[in-house]
Amino acid sequence: MEELNIAPQTQSEPVPGAAFEPAIVAFVCNWCTYTAADLAGTSRMVQSPNVRLVRMMCTGMVDPKYIIKALLGGADAVLISGCHPGDCHYINGNYKARRRVKLLMEILPRFGIDGRRIKLTWVGASEGNEFAATVNRFAAEIKELGPIDTRRLPLL
Amino acid sequence: MGSIARIEVTNGNPVAALQGFCARLLADGEISAVLAPRLLPAGGGTMPALVADPEQLRDVAPLAPSFRLNAARMLTRLTRGADDGGLVAALLRPCEVRAFIELCKLNQGSLENALLISLDCPGAFTNADSGRFAGNRGDTASLLGFLRAGGRGSFDGVEVARACRTCEHPTGAEADLTIGLFGQDPEKGLLLMANTPRGEGFMTRLDLPEATDDGSRDKALEELLAERRAAQEQMFAETTAATSDMTRLSQFLSACVNCYNCRAACPVCYCKECVFLTDVFDHKPWQYLSWARQRGAIKMPTDTVFFHLTRLAHMSTACVGCGQCSNACPNDVPVMELFKTIAASTQKAFEYEAGRDPGEAPPLSVFREHEFAELTGGVD
Amino acid sequence: MKKEYGALVVGAGIGGIRAALDLAETGLKVALIDARPSLGGILAQLDHQFPTDHCGMCKMLPLTQRDQSSQYCLRKGIFHKNIDILLHTELSGLEGDPGKFTATLRRRSTFVDPTRCVSCGLCAEVCPARAPSEFNAGLSQRTAVYLPVPHNIPNHYVVDLDNCQRCWRCFEACPTKAIDFKFEQRKDFNIIVVTPDQQLSQDLPLWFTNENFPLHPAATGEEALGLLAGGLDCGLMLLDLDLPQAEAERTLRRALELRPNLAIVLLVSKNKDRDKVGDKDGGKDEAVAALIKQGAREALPKPLKQAQAVPWLDKLFMRLVSDETLSIEVGAVILAAGFECFNPADNPAGSADLLLYGGHPGVLTSLEFERLASPTGPSQGLLTRPGDGRPLRRIAWLQCVGSRDVKLKADFCSSFCCMISIKQALLAKRRTGGQAEATIFYMDMRTNGRDYQRYRDDAENQAGVRFIPARPHTILPGPDGGVLVQYFDYAGELREETFDALVLAVGARPPKSMERLALAAGIEVNESGFCATRYLAPNRTSRLGVFAAGAFGEPADIRGSLIQAGAAAMGASRMIRVYHGPRDETPEAEPKYADVSRQAPRVLVALCTSCPTLERNVNSALLRQRMEVLPGVVTVVDVPRACTREGWDILRHEAEASAPNRVLIGACLPYVHVPRLRELGEVLELNPALMDVVDIHTASFAGRDTSFAGHAACLASCSTKPGGGPGACDCGETARTNEMGSLLAMAAAKLLGADPSSLPQATPVSPQALVVGGGLAGMTAAMGIADQGFKVVLVEEAEHLGGLALNLRTTLEGNDPVRFMEDLVEQVEKNPNIRVLKDSRVVLSRGKAGRFVTVVATGEGVAHTLHHGATILATGGREAKVYEYGNRVHKCVLTQLELEQRLAAGTVDASSLSGVAMIQCWRSRGESRNYCSRVCCQGALKNILMLKKRNPGLPVYVFYRDIMTTGFSERFYTEARRSGAIFIRYTPDDRPRVEFEDDKPVITALDPVLGGQIEIRPDLLVLSSGVEPNDASEIADLFGVGLTEDGFFQEAESKWRPVDFLKHGVFACGLGLGPATMRESLLQAKAAAQRAVRILSEKQLSCGNVVAEIRQTLCSRCGRCIPVCPYGARSLDLDKDRIVVDELLCQGCGSCMAACPNSATVLRGFHDEQVMAVIDAALAGQPRAEARPQTAG
Amino acid sequence: MNKTKPPISLTPAAHQRTLDGGLVAIQDLVRSCMQCGTCTASCPNAFAMDLAPRQVWRLLLYGLTQEVLQSRTFWLCSACYTCTLRCPRGLPLTAAMAALKRLAAAEGDAVNRKKALFYQEFMRNVEQNGRIQEMGFMCSYFLAMHNPMLPLEYTPLGLKLLGKGKLHLGGGAQRGRLGPLFAKVRSMEERP
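Residue numbers (my numbering), protein chains in the order written: chain A, 1 to 156; chain B, 1 to 380; chain C, 1 to 1193; chain D, 1 to 192.
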C-alpha cells in the first residue's frame, strides 16, 4: 500500500476586512435544484458565496445525520432543496425528505438551533432565478441571525 | 372487546394468584411457554425468564417493581420470523408491550407468535435501587404496601424511577390481555381485561369468573395519571431548560463517555450494530487533526452530541419512555429525560404514538402528498 | 469513408430524442440532427407539462445501463454513447434504399468554434444588434451573437448572420478566438462576374473594396471560363442572364465541369413589364428554373443595389466557406421535425386583427404565456402584462386559434391545446397564490386522455377554473389596458367581460421547413401539410425505410408524441435488422477498467486556467497550493482551457503520465465533461465513477461584479476607505479563491471515499419475450419483437386471436379492419419466431428485467415454464355494458358498435329509417368511469357518415358533451355536420331524457341554441357505451405492476414513460393501458415492442454506478427500506432471511439509505463516509467565529 | 323559450318537410354551422331581431320552416357581410339571409310579403339613386303597401327628420352609380 498524503487541510486565508460570513451547506438534488443552481451560475445570476452545494441524487437520500453533522460541524445553516412535489425524478423522494426535515425541526430547535437555520425548498430545473434568490435570501437571513452556537464549541 | 374477568387472590397473596394464572396459561395447549419476570436467586430484583415447566413458576414475580431490562427485545427473539416456534405468553410492563409492538413494525418480532399480557404498572425502581426494596426480595408485605400506594412515595428509602413517575401509559391497553391492579385490593383479587379478539379467546378458555367494572380502576388510574402528567410536565420543563442551547446540551451530556450503553439498553434501538460503532465513524487520524486545527480543540472522544442527536432522530418517534437508557448509563447522564422530552414532541408532530397501534406505520416510513407545507413556506 | 449509422433521426425535440434513445439503447448508432442550434425542440421553452404540471422529462433517460448516458436534467441536454448529435444541421438529400441510405446533411455554421468557445458571453456583451428572442417567443430581445437556449449543455454562442451588423466587435472581444468570420479567406475568395453590363463590371469591384473580395469581371462566358481554366481559385460566379441564353447555359455547364462545387448565382434583370398583372411571359422564369436544376445555386434580381448586394454577398461568402456538407450512411431514417405553433400574425384572412393579436399587449399566444410564466422568461415567471407590466389576475384562454378552422386550411384539431390551456390556467392560479381568475372559452374541451377528464374536473371543481363553451367573436381593447371579450354563453345570452390578458391557444402547423424536408427525404405530405401516414401504419411515411415520429405525422401531446416516436423507432430498428440481419454477434466491448480497489487513492487534480473568466478573479497559485496539501492528492496540474480540445489533450497527457486512480477536474460547465470522462476512462482504464468535475466557474463571479468596470470601481472605493489604499482590497479575490478551494476539497473528499470495487455482476438476459393478450395490441407487439429476430410467446385467454378489434367492420378513414385483423392473425400464426398459446393463462411469474420465469397453463391443463427477458401486457378491454336508456329492453336501442355491425351486415336498412338519435358519453366521463373512452365519437361519426351515405335525407341528431375528434379525425366531424347531422350539446346535469311510446324512443332535451326543450321521436336510439379494461388485477399482481382506479394498467409515468411500468422489463399497450383507437393501440404496441427489444438485444444487463448495496452483517432486516423504494427494487428474501436489492430496478435514489438507521444499506458513490467528508471539507475553509456573541433562539 | 313551454317536436315529418319545401338549398349553405354564435354577435342589427341568427340556422337545420319565416330576423339583415367575414366555418351567411328573404317573398304569407315590400323598395331606391333618397323611397313604399293610413302614421317622424335635415329629397349626383354592384351581387347570388 502506498502511503497516503496525510497533510491536513490548511486554514483558509483570512479575507481582508471580513464581517461575519455564514457558511451554509446546501444538499441539492441532482435533477432539479442542481440544474437550477447550474443555470443560475451559467446565467451569471448573483449568488451568495456563502453556500456550499453538496449534490445528492435526490433529497430523499439526505440522511438526518448529514444535516446534524453539518450543523454541529459549524455550518450556520443547512439548505435542502429538491424537485417540486410530483416532479421528483425518483417519484417521491422529496416527500420523504420533507418528513425528515419535519422530524429535525422538532428536535434541533429545542437545543437552541434556530429553526430558520434549516430550510427546505423546492426549486425546479428552470428556476435558476428562484435558486439564486432563495440562496441570497437565506444567506442574508443567516447573516442576520449570526454565527451558529456550535462554531464556538469544541464538539462535533 | 371489553370483557372483564376476575383473578381471585387467595391468602392475600396476589403473586401466587398470578403464578397460578401463568400455570393455567401453560396448561393451555396453545401456549408453549410463559415469559415473565422471575426473582433473581441472589436478590436485587427480577430478570425475565422463559418458563416452560409449571414447576418453575414459583419464583415468577410479575408484580415486583424491578425492571432490569426491557423484555420486549427478549420477546422478539422468541417470536421472530415466520418460523413457528409456538405461542409465547408474555407478562410485560406496558412500556414493554409498546416497545414490542414498535419492534414488530420493524420486523424484529411477530405479534402472531406472542400472547401479550400486560399489568397495570405502578412503576419500578432503577437497577441501582432495585435491590434495596424488600419487595424485590420476596417480601410480600412490602410488595402489598407498594401496590396499595400505587408506587407513590418512598419505600425502603427509594422511589420508583423517574421514567415511571412520569409515565402516562401505566396500563397496557395495547396488549391482548391486561391484568388490572389499579383501584383493586391486591389481597382480594385482580382484574383481567381482554383487549383483542385473541385475548378474548384466551379469557374464555381460561374459564375465569366474570367481573364487572365498578369504576374503581378508572378512578384510581385517573388520579395516578394526573400526578404523573404533572410530574412529566415538570420533567419536560426542567429538561428543556437544561438543554435550551448547545452549550447547555453539551453540559447536560458532559458525563457521556460514548459507551453507547443507552442504545444497547434501548428496546427500540434495534440495529444489530449502531452506525456510530461502524466504520462510518472510524475517522482517519488526519481528520481528527484537521478538526482540531479547524476549531482549536475538540473533545475526545468525538461525536458525542452527534450520537445523541442522531439517536433522537432515529428512534425518538419510537421511544416508549421506559427509561432503560438512564438505567444503563454508567455515568448518570439523564438520558431518559432528554429522550422522553423530545419524543413527546416528535411523536406529536406526526400524530403518532409509539406502540399505540400495530397498524400504524412508523412516521418516517410513510408520507402524504399534501402535508407540512409550512416547511416550504406554504408551497407544496 | 462515410460515417455509418444505424439510423438518422431528424429533429432533436422530445420525439426525436425518444426515438434516438430507443434505438441507441438497443446498441444501434444514431445520428440525431436538428435544424435549430439547440436541443429539446419546443419543450426547451415549456417548463410545465400536464397532467403533473411539472417537468419530469428526465424520467425518459435509460433505466438500465444508465452510465451509457447522461444522468442529469434532460432539458439541459443529453449524452448517450451511441448518439451523435449534430445541431444546426438539416437533411438535404436522401438517396438509396432502406438498409443503405446515403443521407446528405447540410451543417450550417454558427461561426463560433465549439471547441474553443468557453461560453463566457463577452461577445454578447459587446454586440450592438438586437433581434426578437426565439427562446422567449419574441417577448424579449437578444443579440446577434447569442445563446439559443440559456440552459442547454453544451452551450456555445452562435451568430445570427441575418441580424449581424458586421461590426466585428464580438470577434475582437472573444478571448479564445472562437468566433471566425473568415477574414483571412476573403482575399482568396475570387468572384467572377460574367456580365455584358459595363456599368456593373465597373461598380462591383468598387462596392466590394471594403470586403476584400477579389472581383474578376468577364464580359463573356468564354472569358470567364478562360479564367477558370487558367487555374483561378474561384469561390463564386455571378452569371448574368442578359447573356444570350445558350451562352449562359453553356458557361454554367462548363464551369461546373471545371469546378463541380462552384457556387453559381444567376443575375436576372427585372423586366418592368413582368410586374404587370396578367403578363404570362414566364420565359425567363423557366430559364432560371432550368439553370437552377443544372446546378445554379440561386437567382438574384438585377439591377443590383449596393446596400443590398454587399451584405448579401458577404453572407453568401460566409455560408459558402463555413457551412459543411456531410454524407452519412444510414439504415433507416426517422423524421421527427415536430411542428410550429400557429402564428395569428401570419393569418392572411385577418384574424390577427379580429383577435387583436399584435395590436394589444394583453393578447398573447399560449407560447408567449408559457414564457411569461417561466422563471427563465422575460419577467422571471411573474405573470405581468408585456408593455405595461401590470399583474395578470383575470386571464382568459381562447381555444382553437388556428385549429379546427377550415378558413385557415386547418380542418384538424391540434390535440394538445385544450390540455395546455387547463395547465396554464392552473399554473396561473399557482403562480399568483390562487388569486388569478382563469376562464377558458372552448368549442369542445378535448380531454381525451385516460386521466385528462379528471384533470379537467379538478381544475374546474377544486381550482375554480371557469369553463365556458363559447367562441368569443368580438375582442376589443378594454378599460385599464385590459381586453374586452364578448361572447354568447351557454344559455344564449350575450355577455361581455374584461380580462387582463387573453391567451390564444394556438394550434400546430407543419414545420416551416416542411416543404424542403419533404423534398429532401422524398416523402409525401397530407392536405394539412403534415407528413402523410396511413391510419393502420401510422409510424410509416410514404417512403419505405423512412418513419415519422413525434408530432410530425399528426399533432399530438407529449404522451402521443413519445408513443409515436417509440413506434417509429421500432419501425426503423426492424428495418435495420431486416436488412442487416441480427446485430453482430460480437457486441461492442464494454470498456475495461483496472481494479484499483487495493491501491491507496492517488488523486490527480487538474485546474482549468487561462480562462477569461477565471484568470482575473482567482489566485491560481494559492489555489494550487491548497490542492497540493489535500489528502490523497499526488499531482496538481494546470490545464489551459480544459473545455477546448487542446486543453483536454494536455489533461489527457498529464493523466497518462501520472497514472492516478482518481481524477478531479476543476473547470466550468461540469456537464460538458461527462462524455469526456468516459473517453478519459478508456485511456486510463479507470472507471469514470472515480472521476469528477467541479464547477469552479460559478464561484469565480458569484456575488460580485467581476467586469473590468466593476473591478475598477471596487478598487476606487477601497482606496478611499480609511486604512485603504492600493493593495488594501483584492476585490474579493481571496474570497473567491477560498470558495473554489473549498469546492475542490469537497469533491476531492468525495473521490477519496469512492468505492473502487467492481459493480455487482451483470444479469444475463433470456432472449425471449412474453406477450400476454392476443388482440390487436398484443399481436402487433409480438410481431414487432419477432421481426427483429427474437422469440416471442404470445398467450391468449380466448380460443382465438383477435380480441375486441375483431368486432370492428369499418374505420373512419375507410380502412378494412376485418381484412387487417385477418392478415395480422395469419402473420402472427405463421411467424416462426412466435409461439402462440391460446386458451391459456399466466399462473405464476417471478424474476426481473432480463430474467423472468413464468408459468403458463393451457386449457388442457398443460403447464409451460417460460424464461423470458421482457414482458408485454396487452390484456385489452371491452365494450362497456349499458343497461339504461332502454338498452337490452327495446330493440330500437343499440350501441354504436352494434349499429356498425348491423350496417355492415345489412340488417339495418338506412333507407327505411326516418330518424336516428345518438347519445354520446353514455357513462364515460361520469362518476363511475370518469374518462373519455376515445372511440365513441369516432364510432358515432363513422355510423353517421355511413347512414348519411345510404340515406342522405335521414335526420340524425347527436346529443354530445364534447366531440373528441383530435388530430385529423376532426375532418370527419366537419364532414358529418356538412352531411346534415345535427349536434346538440348537453351537460352532465341536464342529460337528454328518454321514454318509450309504442316501443319507440321519445327523447326530450334542452337545445342550448334555441334555449328551449326539443322532442325527438327517432326510429333508432344509438348509445355510445364506451370501453372499459378487461379485469387485469390478477395479471397485475402476478407481474407486480399497478392498476389505476378504473382498472387500467398504471404506467410508470403517463407522459415520459407511457408504455413502461415502474417495474422494469414489463411493458403495456392497448386498451388495457387506456382507451385508444386502433391507430393508438398500434402505436403503443410498436413502442412497447421496441422497449422490450431494448432489453432483449443485450446479452446481459448491468446496473449503474450509483446503486444500492446491502452490508448484510449490519442489516437487522427491519424492512424499512422496502416500502420507501419507489421502484420496488428491494424485498425480503424469506429463504435466506435477508433483504435483497434488484440492482437493475434500483435507480440509485438513495431513499433506502436515508431510511436505514445504521447504514446497512449504502449507495455506491454516496457512502456516509464520503458525504460526511464532503461536509467536513465544505466547512473546513471557514474561519473560526468568535467575533460576535451568539444571538438567542 | 324556457322549460315550462312544451318542447318543440322535431318529428321526422318536420324534418322531411324541408326536403320538399325548397329549403334544402338554404340548409346546404349553413350545414356545417357549429352554433358558435359569431354571426349573432357580430350582427349590428341583432338587437332588433326576434331570433338570433344562430337560432335561425339551428331552426333551419331542424327543418322548422314556419318558425324561421315568421321571424323578422332575416328582414333586418342589412347585408353588411360581417358575419360572413367572421364565420369560422366560412359559411355564406349573408347569402343565406338573402335566400331566406327571397323565399319568404316568394312563398310566404301576406305578412311576410308586406315585410318584403319595405326591403324591396329600399333596395330598389338605393340601386336607382346610388344612395337612399328617403322621400322617394317612402313614397314608393306607401304606394306599394296600398294602405292609405300608413303615410299618416309616419308624418310626425317625417317632419322631425325633415327639421333636422335628415331627409334627402332628391338630386341625382349618384344616380345609377351602384348599378354594376347590384348586377355583380345578383350574378354572385345566382351562382350555386
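It should be emphasised that the hints constitute simulated quantities derived from the structure, not laboratory data.
Where a beta carbon is used, it is the ideal one built from N, C-alpha and C, also for glycine.
Mixed in with the good hints, there may be bad ones.
[Unchecked claim] Computed beta-carbon distance windows for the label pairs:
1) E884(C) - A25(D): 55 to 63 Å
2) P358(B) - G1040(C): 56 to 64 Å
3) S1033(C) - N258(B): 48 to 56 Å
4) K348(B) - P640(C): 41 to 49 Å
5) G2(B) - R846(C): 42 to 50 Å
6) L181(D) - R495(C): 34 to 42 Å
7) N45(D) - T987(C): 25 to 33 Å
8) Q761(C) - G2(B): 53 to 61 Å
9) S32(B) - P760(C): 55 to 63 Å
10) Q761(C) - N258(B): 49 to 57 Å
11) R466(C) - N45(D): 29 to 37 Å
12) A904(C) - A25(D): 29 to 37 Å
13) R846(C) - P358(B): 42 to 50 Å
14) P358(B) - R466(C): 47 to 55 Å
Tested hints:
For E884(C) and A25(D), the Cβ-Cβ distance of about 40 Å falls outside the hinted range of 55 to 63 Å, so the restraint is violated. Checking the proposed 56 to 64 Å range against P358(B) and G1040(C) shows it is violated: the Cβ atoms sit about 26 Å from each other. Our hint of 48 to 56 Å for S1033(C) and N258(B) holds, since their Cβ atoms are close to 53 Å apart. About 60 Å separates the C-beta atoms of K348(B) and P640(C), a value inconsistent with the hinted range of 41 to 49 Å.
Take G2(B) and R846(C): their Cβ atoms lie about 46 Å apart, and the range 42 to 50 Å holds. The supplied range of 34 to 42 Å is met by L181(D) and R495(C), whose beta-carbon atoms lie about 37 Å from each other. The hint said 25 to 33 Å for the Cβ distance between N45(D) and T987(C), and at roughly 31 Å that hint holds. As the Cβ distance of Q761(C) to G2(B) is approximately 58 Å, the hint placing it in 53 to 61 Å holds.
With their beta carbons about 42 Å apart, S32(B) and P760(C) fall outside the hinted range of 55 to 63 Å. Range check, Q761(C) to N258(B): Cβ separation about 39 Å, and the 49 to 57 Å hint is violated. Distance hint for R466(C) and N45(D): a CB-CB separation of about 30 Å, consistent with the stated range 29 to 37 Å. One distance hint, 29 to 37 Å for the beta-carbon pair A904(C) and A25(D), holds here, with the actual separation near 33 Å.
Judged by the Cβ atoms, the range 42 to 50 Å given for R846(C) and P358(B) is violated: they are separated by roughly 30 Å. Between P358(B) and R466(C) the beta carbon distance is about 48 Å. The supplied range of 47 to 55 Å therefore holds.
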